[in-house]
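Chains as they are written, first to last, in my numbering: chain R, 1 to 284; chain B, 1001 to 1267.
I should point out that these hints are in silico values taken from the structure, not numbers from a laboratory.
Don't take every hint at face value.
As the list claims (entries may be wrong) - Chain R regions said to be covered by chain B (calculated; three or more residues, Cβ under 8 Å):
id	segment
1	176-183
2	187-196
3	273-281
Being a predicted model, the structure only gives us computed values, none of them experimental.
The beta-carbon is built from N, C-alpha and C at its ideal position, and this holds for glycine as well.
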Amino acid sequence: MSNFINKLWGSKSKASKTVTFGDSSFVNAPGGRIWTFISIATLILLWVLSSIFEWVKPIYWPPIQDVWSQFLVISSEGFRNSTLLEHVAASVGRVLAGFLLGCLIGIPLGFALALSKTMNRIFDPIVEFLRPMPPLALIPLVILWLGIGESAKIFLLFLASVWILALAARSGAMSTNLSKVHAAYTLNASKRQILFHVILPNALPEIFTGMRVAIGVCWGTVVAAELVAAESGLGMMVMVASKFLSTDIVVLGVILISLIAYVIDIFMRYLERRFVPWRGKAKH
Amino acid sequence: MQGLNVNNISMEYQVPKGDSVEALKNVSFDIKAGEFLTILGPSGCGKTTLLDILAGFLEPTGGEASFNNQPINGPSPQRGMVFQQGALFEWMTVEKNVGFGPRMAGKPADEIAKKTQHWLDVVGLSDFGTKAVYELSGGMQQRVALARCLANDPDLILMDEPLGALDALTREKMQGLLLKLWKETGKTIILITHSVEEALMLGERLFVMAPRPGRIEKQYHLPFAAQGVTGNSREIKAQSDFIEIREEVLAMIWGMEEEIMGSKGEI
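Just need the whole structure built from these sequences, with the hints factored in.
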């Protein structure tokens, strides 16, 4: 029991550090989750209290029980001919498709920018020009090019992620210590082997950071992407509900989007620990 | 001729404002197979440039170098390199690092495993094969770097201050290891260092280089490496002839450093 409490509070080890500010090793360390629990519980409690005492008008922020009952209704009866699960599946599918396409194009593009002078000179201005362009502003064009089907939505999500991934891969590849590349050349490695055994693993930590940012941005963009004549999807659900001032459905949709994004991020962090265990541990 | 032949090498760098810096000017020397050469010199004397040219990472602006009668015009597994630090692959375990060369060459797995084990034994890290490199101390990491280089079986080993980042005690032990490896493998070794003592202890030959333009100022033939293979290195370093040369070389390098500082003062 005391062991459990220690785990929850984050036991103070015997060799306590005196300098803790500026030392971020706690971020990935276990323990101390009690504070996470308290912070979430407090938010929910505030919401419950405000629902009970009607501190806020429902049109501004819905009572928790309304959101819960919408959740039950949409789960069983659906919203606009699709159940909640179908909405979730539609959005998750689009986000993952756009994100994976972004990886497929963005990561090689970033490597090309970092590894080939010619490619850098050709593509750098294009990337820098397209990067700040908000995908939302391109919606009319994307509809003209790709119609109003799935591909248009996926393309918008692709646009939201591809530049982030390209820049992450570029910066990761550029951070390769030249000694490592030199060493690999003297150790029989071909260019191709250096790419896959030296540059790629060296860039992985930054690529993972880029992937986490990109997938977050994709979730932020999915609402906009589903403005394009979507028949299902959490974003579409939120958009339609907001037109009818159904704030309970809006809030339900937003919470679900955040929750799913959070779960995916936890999964990404797991992958990062699994595939980049050396992150932050290299001395130089 | 077997060994290294350096013929009239120059290296000029263009710097802004149209000036150029002569990192190396007309450097020539020969090294026989199996020789141990150390190079000393103040910063800016072109010793790292020279090593990079010999490794094939840089092309000189004048002259040419050849190793075992083959001109040097790019990196080659014949010419291995051990860096000061940071050249190990931290995404690989110790044994994957050591086996990297044979693995890239597509050698069979059992041969790679055998070589890896052999060289890990030689550098005294047989129990650390499955560790991550970042779990090891600086001295152990450099031993991994040595093993990785040797597992690829180069004829010439270039070392750019391989012991520069180590503490004094570890450094001394590593000098012993280098002498032992040199004796046992018969490899040709060129080692750059900032430590006069290390240069005298390890080198059969020693070049003292000078800056502006980068050149070989003085050459010594030294008996201490041969003695050190069997003898006690502390005793050798306390010998009067060792101390005499040490002070002479130190005075020479101090003189150069002061010249550099002085000319900087004028600017």
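Against the structure, the hints:
A stretch counts as covered by a chain when three or more of its residues have a beta carbon under 8 Å from one of that chain; for the segment 176-183 of chain R and chain B the count is 5, and the coverage holds. For the segment 187-196 of chain R, the proposed coverage by chain B is satisfied: 5 residues have a C-beta within less than 8 Å of a C-beta in that chain, meeting the threshold of three. Note: the segment 273-281 of chain R has 4 residues with beta-carbon separation from chain B under 8 Å; the three-residue rule is met and the coverage holds.
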